[in-house]
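Kindly produce the complete structure, drawing on both the sequences and the hints.
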Amino acid sequence: MKKKSPIEWVNLMFSAIMVLLTFAGSLIFAFTDWFEDRAYGTKRYILSVVFMAYCIYRVYRMYQAFRVEKEE
243 MKKKSPIEWV
253 NLMFSAIMVL
263 LTFAGSLIFA
273 FTDWFEDRAY
283 GTKRYILSVV
293 FMAYCIYRVY
303 RMYQAFRVEK
313 EE
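Under the numbering used here, residues 243 to 314 are what the sequence shown spells out, in order.
Note that these hints are calculated values from the structure, not bench results. Ideal placement from N, C-alpha and C gives every residue a C-beta, glycine not left out. One or more of the hints may lead you astray.
To be verified - Restraint-style ranges between C-beta atoms, simulated for each label pair:
(1) T274 with V301: 18 to 24 Å
(2) W276 with K245: 41 to 47 Å
(3) V252 with Y299: 15 to 21 Å
(4) K245 with I270: 35 to 41 Å
(5) V291 with K245: 46 to 52 Å
(6) V252 with K285: 33 to 39 Å
(7) A266 with R303: 28 to 34 Å
(8) E250 with G283: 39 to 45 Å
(9) A258 with R280: 24 to 30 Å
Right under this line is the structure:
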């Protein structure tokens, strides 16, 4: 197995932080009244779904990066 460079570790950590932030943002917009004065009704749930979709996309990209590494 090939050793990761420091740049790859930074990229991995950034991806993990983004996954956590987008997941938390999705939950906050779906289940709390935070920013209710600016985002309300259907717009609020659409924003939550968009955050969750981006979170899933980032997880998929991280998975693809690990899978490619293991195949090499």
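Does the structure break any of the earlier hints, and which numbers would those be? Per hint list: 5 and 7 violated.
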